[in-house]
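Student: Each chain, letter by letter, is given below.
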Amino acid sequence: MKRCVLTIMFSLFCLMSVLPRWMIEAQETRPATVSEQTQSCINCHELYSPGMAMDWRSSRHARTSPAQALEKPRLEQRISSQAIPEDLRNHAVGCYECHSLNPSLHPDNFEHFGERINVVVSPNDCQMCHPVEALEYGESKKAHAYGNLRNNPVYSTLVEGILSLKTAANGRVAARKASVVTEGETCYNCHGTRVTVSGTKTITVDMGDVEVPDLENWPNQGVGRINPDGSRGACTACHPRHSFSIEIARQPYTCGQCHLEPDVPSYNIYKESKHGNIFDSKKESWTWDAVPWRVGYDFKTPTCAVCHNSLVTSLTGEQILPRTHDFGSRLWTRLFGLIYSHPQPKSGATYSIINSDGLPLPTTLAGEPASAYLISQEEQAGRQTDFKRLCRSCHGSSWADGHFAQLDSAIMESDGMVLAATQLMQHAWDRDLADPSNLFDEAVEQMWMEQWLFYANSIRYASAMAGPDYAGFKNGWWEATHNLKVIEDHVRFLKDD
Amino acid sequence: MKRCVLTIMFSLFCLMSVLPRWMIEAQETRPATVSEQTQSCINCHELYSPGMAMDWRSSRHARTSPAQALEKPRLEQRISSQAIPEDLRNHAVGCYECHSLNPSLHPDNFEHFGERINVVVSPNDCQMCHPVEALEYGESKKAHAYGNLRNNPVYSTLVEGILSLKTAANGRVAARKASVVTEGETCYNCHGTRVTVSGTKTITVDMGDVEVPDLENWPNQGVGRINPDGSRGACTACHPRHSFSIEIARQPYTCGQCHLEPDVPSYNIYKESKHGNIFDSKKESWTWDAVPWRVGYDFKTPTCAVCHNSLVTSLTGEQILPRTHDFGSRLWTRLFGLIYSHPQPKSGATYSIINSDGLPLPTTLAGEPASAYLISQEEQAGRQTDFKRLCRSCHGSSWADGHFAQLDSAIMESDGMVLAATQLMQHAWDRDLADPSNLFDEAVEQMWMEQWLFYANSIRYASAMAGPDYAGFKNGWWEATHNLKVIEDHVRFLKDD
Amino acid sequence: MKRCVLTIMFSLFCLMSVLPRWMIEAQETRPATVSEQTQSCINCHELYSPGMAMDWRSSRHARTSPAQALEKPRLEQRISSQAIPEDLRNHAVGCYECHSLNPSLHPDNFEHFGERINVVVSPNDCQMCHPVEALEYGESKKAHAYGNLRNNPVYSTLVEGILSLKTAANGRVAARKASVVTEGETCYNCHGTRVTVSGTKTITVDMGDVEVPDLENWPNQGVGRINPDGSRGACTACHPRHSFSIEIARQPYTCGQCHLEPDVPSYNIYKESKHGNIFDSKKESWTWDAVPWRVGYDFKTPTCAVCHNSLVTSLTGEQILPRTHDFGSRLWTRLFGLIYSHPQPKSGATYSIINSDGLPLPTTLAGEPASAYLISQEEQAGRQTDFKRLCRSCHGSSWADGHFAQLDSAIMESDGMVLAATQLMQHAWDRDLADPSNLFDEAVEQMWMEQWLFYANSIRYASAMAGPDYAGFKNGWWEATHNLKVIEDHVRFLKDD
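Residue numbers (this note's numbering), protein chains in the order written: chain A, 49 to 545; chain B, 49 to 545; chain C, 49 to 545.
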């Protein structure tokens with residue numbers, strides 16, 4: 049008898065040792081109860097939008113109440129408020145808990161089968177449980193991505209030049225105004241649109257006619273979306289839809305939706321780096337949802353999130369880098385998106401910068417930085433020192449030092465390759481072969497723009513993340529060199545014209 | 049004693065709960081017996097082509113007889129004939145069962161160690177068990193992909209222009225005839241070659257000399273392959289080689305073999321969309337071989353197959369979309385491959401279209417549609433309504449409606465960007481700076497072709513599948529705009545010439 | 049009682065049948081003991097570089113002594129020396145075992161907390177246990193990749209032309225000397241840098257100041273790296289860092305770090321081939337670390353390593369291809385990196401070739417091969433016959449023969465497309481529209497270079513590996529054809545200049 053009990057216990061042990069992780073976790077934290085309101089949401093939406101309901105059911109939100117989340121040791125907590133309102137503390141974080149917050153701030157609030165619901169849950173709502181993340185994110189360039197395009201005349205001109213609908217007559221191209229829809233599918237798809245409410249509309253669904261808010265510039269989930277409640281950003285840009293998954297947010301694929309070639313080739317370069325190689329080869333054996341994220345144990349090689357935002361510790365819990373949702377805050381230099389590289393800006397709202405040319409750019413066309421708006425040398429040095437701590441988890445000091453010395457050289461030389469293109473451009477402007485009144489509307493000017501937005505960016509990123517193809521033949525030194533020769537000849541041909 | 053029995057049963061339960069899925073399935077459906085003829089195939093080929101034999105052994109065909117397949121509930125059936133001949137009913141679907149069918153239709157039939165065998169198994173053979181799939185597929189543009197190139201003079205000119213072997217003398221390029229081999233490795237690799245039999249040949253293999261049919265334009269597995277038996281298509285294009293795997297067919301990688309940039313960038317755009325991001329992050333936890341395929345449960349986000357062909361239901365079995373192997377039949381508009389977008393054609397054999405210019409194209413060079421050959425507005429509206437049912441599994445109605453309204457705008461505006469290029473081209477033709485007799489053989493004409501085949505396509509796909517990079521800087525609006533300026537200058541330089 | 053014992057045994061069996069593979073293996077081979085010196089390395093580095101220590105702990109080296117490795121059946125051995133020195137035989141292969149070898153050959157040897165340590169472990173050190181691999185690799189073009197660029201004047205000119213820092217004045221581009229750092233981040237990142245020691249330096253780490261060798265051109269892990277000890281190559285290029293993983297080395301991602309578009313698009317083409325499709329769809333179920341690697345059983349479709357270097361057998365152990373670390377030795381023809389394709393060179397040190405133009409290239413500018421330096425037709429035929437044995441594991445003989453006949457055609461025709469570009473170039477040179485003294489420094493010459501380095505390469509690779517997009521619109525026939533027309537017009541415009 050006793051032996052049989054032992055056998056059963058042993059069998060149970062066997063079973064436990066092989067059960068999928070999520071099953072065990074689900075048992076450990078007895079699932080939180082679902083509020084009455086959320087249950088009534090689920091009852092309908094499980095029928096009419098089963099994928100949405102299933103997605104939520106698979107989420108941590110669906111099985112954890114804020115009270116349970118707060119029981120974890122501080123380092124393991126995924127919640128950053130200690131003061132959760134009583135009515136939210138003890139239920140799973142369900143439909144109603146998120147879609148009912150701050151109704152007075154939400155022009156998108158409407159009555160839906162007896163409850164008042166917001167269509168667009170915003171960072172201002174998420175901060176009920178995650179205030180530190182919302183605050184950090186609010187400071188970031190990401191949160192200001194809408195204004196950083198819209199409120200900067202140079203970039204607005206570029207955007208309008210690209211997206212305006214063209215016609216041609218007599219062999220000449222003419223441009224009409226760009227449509228807001230096209231803006232929302234291109235630049236503002238990543239940067240975020242301004243979502244507004246223009247009254248209500250009646251839609252016909254399986255259950256009959258329903259009256260809902262009529263949203264403009266929707267759908268959109270850009271990182272700098274201006275929400276109907278006036279807040280900036282979309283947490284779902286990285287923690288998608290109704291699973292709000294940290295695993296997905298940590299995957300490079302998430303960052304790779306916007307940070308990809310030709311203008312921001314960081315994802316492409318990561319994929320071809322040694323780090324990316326190890327990630328691709330080994331990722332299935334990693335623990336993607338561990339908090340904190342332990343180097344060498346939960347993951348074997350950096351991903352975007354490791355270097356730029358996650359809380360990283362050793363196996364024994366020593367902190368290597370703290371968590372941040374201000375994604376530029378670990379970086380000292382800014383490699384992309386602008387004519388020349390430069391120290392990171394002090395504020396995420398970069399459109400407020402004015403350089404000595406009077407333009408809202410962090411450097412002049414000749415490369416002089418607008419230093420008053422950029423972080424100091426001391427701040428740069430401190431950030432690099434902190435960053436190297438992460439590199440040295442796996443690499444020797446000489447390796448890490450050598451790597452960043454190489455990056456310094458790549459930055460300097462790629463800026464030089466842009467300056468050469470600017471000099472050719474200036475030559476054409478000076479001889480009336482091109483017109484400087486709009487920086488982006490002639491073929492040669494567009495080639496000049498490719499020199500910095502595509503090729504110099506690629507060279508710098510390729511250096512920063514060790515993906516040599518993008519430094520060489522793929523949009524790197526080869527294209528930067530060839531482009532100069534093509535511009536040179538094009539200007540000669542214009543002269544003959 | 050009784051307790052021990054219970055313990056054993058419990059242990060067995062433990063075991064069952066953790067055994068790999070395929071082991072359990074293999075036990076559930078006691079493996080089907082292998083026919084005598086197939087066994088003799090295996091006996092040799094296991095020695096001389098072990099990878100081939102192993103591939104088949106891992107297949108569902110190897111462990112299931114048609115009779116067993118028919119025992120499943122209707123919704124779960126992967127077989128669409130109820131009338132399987134007696135001699136095929138009760139054996140596993142092995143080498144002989146497939147390679148011996150319809151011998152009189154097969155010029156590639158030959159005697160091989162005592163049996164008569166066809167080299168090329170065709171859709172006409174597969175329809176023995178899968179008639180609905182073969183019929184649907186036969187109606188599709190895919191099945192007509194060979195003729196849609198070969199029998200369309202405009203496309204034939206394009207193909208010949210690209211693939212003809214070039215020489216140069218006196219600074220001028222001249223073209224010789226393109227070779228069929230090069231055709232078979234480029235356009236017709238995806239579209240399919242015409243496989244013919246030109247007698248027999250003797251080959252030397254490990255077992256000695258063997259006489260086999262001598263196939264022309266082989267190997268090929270293009271979707272519109274013309275098989276020796278005259279049938280159209282290759283099921284192995286998507287269900288590859290001897291595992292005939294539904295899992296592989298459902299992976300976006302399969303579609304991505306042909307549908308990729310620069311001309312058909314749907315795979316590339318999927319990979320950078322939010323759907324692709326979730327796929328890449330979570331695919332390992334999905335059930336790839338479930339029939340029906342249950343939204344939110346078996347898979348978390350659409351793949352190509354979800355939207356374009358699989359039988360999709362809710363967890364409780366409500367059908368969201370029925371299965372189809374006519375891959376265009378869920379679509380209302382056609383985004384790619386042609387100068388302007390247009391309603392889906394009524395027939396998969398698009399070379400039979402004649403527009404008002406007298407060209408076999410669904411629109412004129414000015415954009416006027418050949419409406420008689422295209423589906424009606426009612427049909428378009430109905431297809432979109434059906435399609436949205438799938439979107440609404442996971443998204444609200446406003447989201448889905450807004451998404452397709454954005455697509456309508458992208459279609460209209462990208463067509464406008466093509467028209468502008470056509471106007472520049474017409475300008476050059478009108479002034480004898482280019483020669484309209486061949487649409488594709490001059491540098492400026494080729495730039496015009498890139499405007500629609502690469503850039504306008506990218507913009508539309510990027511809108512349809514929400515991958516903003518391809519709408520913006522990667523072959524999208526940026527290239528479409530820059531290309532117009534480059535064409536404009538090129539025509540000016542030609543004038544001076 | 050007896051029944052209970054049986055039950056326990058059965059439970060144990062259940063357990064064993066489901067335990068992860070690595071757990072079982074770890075039990076089978078009781079972990080080797082760690083040497084005293086390695087233990088003291090670990091004691092510190094576990095604190096200060098936890099990722100590094102963890103990486104090693106996860107390695108086969110960490111749990112296996114050479115003596116244990118030699119106990120395996122010959123075909124399963126991963127070690128190729130039978131004569132391991134006594135002091136290395138019975139310990140795990142740890143930090144000290146590798147970083148202390150051949151100190152007198154290492155200018156990078158230094159005293160580090162009481163032990164003498166080499167910074168850079170080289171192939172000459174690895175050959176202590178892996179002499180066959182080191183020898184084979186030493187013969188390869190990979191091992192000579194540094195000299196094959198640096199010692200070849202044509203390539204040196206190309207490298208310098210691309211990487212030299214440019215300025216512009218009066219509308220003309222001028223070039224200064226390229227920096228060694230930029231060389232190390234581009235061409236020489238893959239080819240390898242020459243790592244030298246210039247004295248020592250003091251660095252400040254967590255434990256205080258430490259004196260270490262001061263390395264130049266470091267970090268680098270290029271395949272042809274010249275190490276401080278004078279040896280050539282970096283095993284870590286493919287078996288990365290401290291896990292030395294065969295699994296990672298076998299993944300296509302590893303090869304894809306350097307072999308990717310636009311100049312060597314083999315990785316990109318693999319990914320879009322049917323082989324790549326099956327790999328992407330099924331790789332999670334393969335056994336990536338099996339030695340030998342059994343076709344159809346451990347893996348389902350070739351990867352780079354299968355075709356180019358791994359020991360491949362059938363399930364029953366019949367050898368299909370032997371292992372090699374001379375990666376070109378299975379190949380008969382050389383498809384990339386040079387103006388025309390040609391038979392594989394006899395020696396990995398290709399800079400020693402002299403063609404009949406007197407240039408260090410395997411063909412003349414007109415395409416005539418330097419046959420004395422290239423393998424014979426018999427050798428080519430023999431290698432192809434061996435290679436096809438692998439193809440025939442999964443494909444019929446007609447399929448394999450047809451495939452390579454197609455490749456022969458693609459090679460011939462792509463060489464023709466290069467010849468046409470050379471003829472246009474010659475035309476410009478003959479008329480003083482371009483200057484032949486440097487082959488790569490004018491816009492039209494650079495377009496000529498793209499014809500062979502990008503487009504002809506893509507066409508050949510796409511044929512070899514069956515990825516039709518790269519044969520067609522993506523850097524293939526389309527670009528090769530369009531490029532000829534663009535060169536033709538450009539030369540005309542130069543004439544008018």
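Treat the hints with care, since some could be wrong.
Where chains are identical, the list cannot tell them apart; a pair therefore holds if satisfied intra-copy or between any two copies.
Stated by the list, open to error - Straight-line C-alpha distance at most 27 Å; calculated DSSO-like pairs for lysine-lysine:
(1) K543 <-> K436
(2) K249 <-> K436
(3) K225 <-> K533
(4) K394 <-> K436
(5) K322 <-> K436
(6) K394 <-> K330
(7) K331 <-> K436
(8) K436 <-> K330
(9) K543 <-> K533
Keep in mind the hints are simulated off the structure, nothing from the lab.
Student: Between copies, within a copy, both or neither: which fits K394 and K436 at Cα up to 27 Å?
Tutor: Answer is within: at 21 Å inside a copy they meet the 27 Å cutoff, but 45 Å across does not.
Student: Could you figure out if K394 and K330 sit no more than 27 Å apart (CA to CA) within one copy, between two copies, both or neither?
Tutor: Neither: 37 Å inside a chain and 37 Å across chains, both beyond 27 Å.
Student: Measure nothing new, just compare the shortest in-copy and cross-copy C-alpha distances for K543 and K533 to 27 Å and report within, between, both or neither.
Tutor: Classified as both: same-chain Cα gap 15 Å, cross-chain 17 Å, threshold 27 Å.
Student: At most 27 Å between CA atoms: does that hold for K322 and K436 within a copy, between copies, both, or neither?
Tutor: within (17 Å within a copy, 32 Å between copies)
Student: How would you label the pair K543, K436 (within, between, both, or neither) given a Cα cut-off of 27 Å?
Tutor: neither (51 Å within a copy, 55 Å between copies)
Student: Regarding K225 and K533, is the shortest C-alpha distance of 27 Å or less found within a copy, between copies, in both, or in neither?
Tutor: Between copies only: 17 Å across chains, 33 Å inside a chain, cut-off 27 Å.
Student: Up to 27 Å between alpha-carbons, please classify K249 paired with K436: within, between, both or neither.
Tutor: This pair counts as between: shortest inter-copy Cα distance 18 Å, intra-copy 54 Å.
Student: At most 27 Å between alpha carbons: which applies to K331 and K436, within, between, both or neither?
Tutor: within (23 Å within a copy, 34 Å between copies)
Student: Classify it for me, K436 with K330: is the Cα-Cα distance of at most 27 Å met within a copy, between copies, both or neither?
Tutor: So K436 and K330 pass the 27 Å test inside one copy only (24 Å; across, 31 Å).
Going down the numbered hints, you'll see the structure goes against 1, 6, while the others check out.
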